[in-house]
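K.L.:
Single-letter residue listing:
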Amino acid sequence: MAFLEVKGLEAFYGHTQALHGLDFELEEGGITTILGANGAGKTTTLRSICGMVRNNGSITFDGNSLIGKATENIVRLGIAHVPEGRGTFVRITTEENLRLGAYTIKGAKNIADAMDRVYNYFPRLKERRNQQAGTLSGGEQQMLAVGRALMLRPRLMLLDEPSFGLAPLIVKELFEILRSINNDEKVSMLLVEQNATLALNLADHAYLLETGRVVMSGTSEDISSDEAVRQSYLGY
Amino acid sequence: MVADVNTSSAGRRAIPENPANNLAIAGIRLPVWNKILIAILLVVAVIAPFFLEDFDVFQMTYALVFAMAILGLNLLTGFNGQFSLGHSAFFGIGAYTTAMMMAHWEVAFYWTIIPAGIVCLVAGFLFGLPALRLEGLYLALATFALATAMPQILKYHAWEDLTGGVQGLDLDKPESPFPDTLSDDQYLYFIVLVVAIILFICAWNLVRGRTGRAMIAIRDNPIAAQTMGVNNAVYKSLTFGVSALYTGIAGSMSAIIIQFVAPDSFTFLLAVTFLVGLVVGGVASIPGAIFGGFFVLLIPNISEAVADMTGRTDAKGLSWAVYGLFLIITVYVMPSGAAGLVRLLVGKLARRG
Amino acid sequence: MEYFLQQTLSGLANGAIYACVALAVVMIYQAIDHFNFAQGEMAMFSTFIAWQMMQWGMPFWLVFPVCVVISFAGGVVIERVIFGPIHNAPVLSHVIVFIALFSIFNSLAGFIWEFTIKPFPSPFPEKDVLGTNLIAMHELGMIGITLVMLVMIYLFFRFTPIGLAMRAAAANPVSARLVGISVKWMLSLGWGLAAAIGAVAGMLIAPMVYLEPNMMLGILLYGFAGAVVGGLTSPGGAVAGGFLVGVAENLAGAYVIGSELKLTFALVLIVGVLLLRPAGLFGRVVVNRV
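Protein chains in written order, with our numbering: chain Y, 1 to 236; chain A, 1 to 353; chain V, 1 to 290.
The set of hints was computed from the structure by calculation and includes no laboratory data. There's no promise every hint is true.
Unchecked claim - No farther apart than 27 Å at their CA atoms in a straight line, the calculated lysine-lysine pairs in the DSS-like style are these:
no., chain 1, residue 1, chain 2, residue 2
1, Y, K126, Y, K172
2, V, K184, Y, K106
3, V, K118, A, K155
All figures in this text were calculated on a predicted structure; none of them were measured in a lab.
The following block holds chain Y by itself, in its conformation from the complex:
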């Protein structure tokens, strides 16, 4: 069985159905990306995994069914969600944000280690450790969101449009750090992106979503070389 296995996933906002029977898998240690236009259901997919929307179907993570579990308990299994909009706790400091990320981790030493690792990846956050998090720049807040997710020593990271609203140079830096986190920490990643070029570069597998359904899947190379995808999503 795959590390993360989603079968027949349906999700609803009120009476509106947003996902219509989604199937996909993710291998341990890999990076998988979900591509699609606005409203295709990418964010909803991540939210479903975390139990944040009403859903049906089956989601299995490392042998545990996630359906019907409360968000906080899903997180405790080692799934860290870097949400759309970054979810910064704006009124407290950068370091307190990171401390919150380690809420499920026991032991002062473990927390200090995790903090060092995050500061190692993101030295900028260390400079800003005592600054109120709401005053950080967009790029810094995105780094903080990834850092906060990393604090809980996740086995799977869900990344919701990490490039959104950031300058190209910062995006490049961020994605390089994501690659090294994937390499060094053995964290699997499920990446949702509108910027398909960027996502296909980082990921090894890709799924293409249209109006709540998977319409194509394969390795990143296969998807990138597909004529239709190139025209609609990659723009060349």
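With chain Y's structure known, arrange chains A and V on it following the hints.
P.N.:
Relative to the frame of chain Y, chains A and V by itself:
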């Protein structure tokens, strides 16, 4: 499970409801049933006092007074979406206006009712004016403060000569002009019944007309209402004034039928009583107010029965606990109140037939 | 001058109680965006429980912590049982349930312990403080206990992981869940703390106002006034606001309006501040998105 008690939450729905539909919900949908029901109620209301003891007639009279006060609160909360925990204050102002006119200037009781209403209209409008800036919860807080402070204001020594201070004022009991056919209590009952019928008809027309549509539109989606050309500020403070007028007239009637006013009759707990009647009777339901009026009057009897079972004689306090329980139960299982329950039953019967 | 000092100090003592109530109100307001209209009655009920334990012969300083713990548990249970299920219900439902709790506690206290006023013992000796009659020993004790409690609460929120998690859950529940915080338990904890703080306020004020079911209504109003003056978004501001309205109440009572209109003074304060400076002295301006 917990459905919409707050009608103003409708504002959060994406598509604002058609006010006409709301009104159909507010009343019973079937006009024929409706007319028969009203006719039966009226006949019972007219005949009943001739078969009852004076004390029971007095109880019915008082239930009607509560119904009017609850109707006033319902116009504000149910149809306009503004909260008030302070309607006891307007009830008190109405009662004191009547009492002072009768005690000091010897005005006949029937001439005091309209002035009491107008005083409350102005008081409500003036309180509603700043309250406009206070959305939802803050208005609840401000009116809570008003209700809490009211007894103290009524007791204040500077106007003790007028209000009678802590002692309050004693009034003469109005005498029946036809002592052979109507007892004094029956006479008062019919006076109150007539006033109540007038107020209910006015309310019915108000919420069905243009003004009512504007009130409901503000409740359901204030921003959309504004963009459609409804002047929210004017309507909200006017609704507050009209609501206070209704409750003030009820207060005036209460002074007449009890022949006594005192500051500690108009505490926050009285405002709670109105809220209970509103919620149990049904938010945004005009007939619900009648049910609510009788309900809050009967509860003390029920709680006395409960107290008897525990061997206690002083059940005075317990009725508030019963009120509280009913409030919670209503919020959890019967969010549309008694009126909603009746609609449900009538609807089922109609579908079967 | 001595009279002025006396009034100010006794205002500070009352202010300590208002500060506690204001803090309890703001804690719940920050967590669920609602005013706990039953806060005063919960505190009153806690105080009756303390009184009952003392009637059974337990000494004050044993009753005090036991009552705080019982109140804490009571607060948790109320949140879990009553407010948990209606968490997403509209504002009116919440107001109704708060009012229902108000009536139930008020009425039950009267039913169990009767409406007659009861003396409540002060744990502090009845002698002059340092040879002056500027402030009574009990008033000094009230200020002292309140300050100790406030410092403890500050340290708890500032330096413990649970305190940090509670702040996070109130500020941003979605993100809080995503780091594994159980927001509903944080809410319950907040209710427990608010109930416990209320119990302390009730036990401290009862020797001065006598114990009876309606004793907290005016105090709750002043607690609200303190919270509004200090700013509903700022716990520290609410505490400062509580002390401030305590002093203002006493000075206004002594020099301007007399003791008859104290509640009216609170009404004017609440409406005035809400109208002129809705964020209070220390709060943030909250912009409502449409």
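K.L.:
All hints, please: hold or fail.
P.N.:
Quick rundown of the hints versus the structure:
{"no.": "1", "hint": "Y:K126 / Y:K172", "verdict": "holds (20 Å)"}
{"no.": "2", "hint": "V:K184 / Y:K106", "verdict": "holds (21 Å)"}
{"no.": "3", "hint": "V:K118 / A:K155", "verdict": "holds (25 Å)"}
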